[in-house]
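Asker: Sequence:
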Amino acid sequence: MDPEICSTAYQGDTAKIIEILDKSPEKINSVDEDSRSPLICACSGNHKSTVELLLKRGANLDSEDEWYYSLFLIYISSGYLDIITVLLEKKPNVNAQNTSGQTCLHYAASKNHPEICQILLEHGADPLLTNFIGQTALHRAAARGANGVIQVLLNSNKIKPSSLINRKDSVGNTPLHLACEENLADTCTLLIELGSDIHTTNKEQLTPFDLCTDPKVKAHLSKHLD
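In this text, residue positions in the sequence shown follow the UniProt record's numbering: the first is 1, and each later residue adds one.
Treat the hints as calculated values from the structure; they're not laboratory data. Do not rely on the hints blindly, as some may be mistaken.
As the list claims (entries may be wrong) - DEER-style ranges, computed between Cβ atoms:
# : residue 1 : residue 2 : range
1 : GLY172    : GLU122    : 29 to 35 Å
2 : GLU33     : ASN95     : 25 to 31 Å
3 : LYS216    : GLN11     : 47 to 53 Å
4 : THR99     : GLY58     : 41 to 47 Å
5 : HIS199    : LEU128    : 20 to 26 Å
6 : ASP197    : SER7      : 37 to 43 Å
7 : HIS123    : HIS224    : 32 to 38 Å
Positions of the beta carbon are idealized from the N, C-alpha and C atoms, including for glycine.
Assemble the whole structure, with the sequences as input and the hints as a guide.
Answerer: Now the structure itself:
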């Protein structure tokens, strides 16, 4: 364990990192008290030059912290864009999952990052992967009203849109169920236009329309019931 090099990486002090590694190269993959490596800390701090240095010195790209967040999950959680190409050049496992089954695509979708979703798909991210409650990245995008992400996912040449848009999670909810539950009128309309079935039911025999509680949104969506 070496908290010093990890905190230094988070701060982006490249000169000090070089000094530490020149004296003790074995510290390249050491961890702090939260089991986070220097590379994870540098990614979290959005320090591209530090990330490049650590990778050049042999940092383990697939290291995980104690919560099983891969580097990409940490990075996507931070919402930064300028390091992702550096990481992708090293061919990491973009389909790594954490303890709840979330992939980096789930995180990018949840945080409404269509550009990152597109890049991940181009580098092998699987839009059909589900988390431990059976939700795809499209479910997460629908629940957050991430319309740009929805379009990216359904326009992917990796899949047929029909294989994703009406996919049900562990309780039978489709992405449209989740958008309706959050009363996201624009997202609901987009999903319906792209092929979502407003009549399909979940395990409680409820349709997406049944989950909508906002009278204005219900009125807006009622025209799709026929």
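Asker: Indicate, hint by hint, whether the structure satisfies it.
Answerer: Tested hints:
For GLY172 and GLU122, the hinted distance range of 29 to 35 Å is satisfied, since their beta carbons lie about 32 Å from each other. Between GLU33 and ASN95 the beta carbons are some 29 Å apart, a value that agrees with the proposed interval 25 to 31 Å. At roughly 48 Å, the beta carbons of LYS216 and GLN11 sit within the given window of 47 to 53 Å. At about 27 Å, the beta-carbon gap between THR99 and GLY58 misses the expected band of 41 to 47 Å.
Judged by the Cβ atoms, the range 20 to 26 Å given for HIS199 and LEU128 holds: they are separated by roughly 23 Å. A hinted range of 37 to 43 Å is violated for the C-beta pair ASP197 and SER7, which are about 51 Å apart. Here the CB-CB span from HIS123 to HIS224 is close to 36 Å, well matched to the stated 32 to 38 Å.
In the structure shown, a violation is registered for the earlier hints numbered 4, 6, in ascending order.
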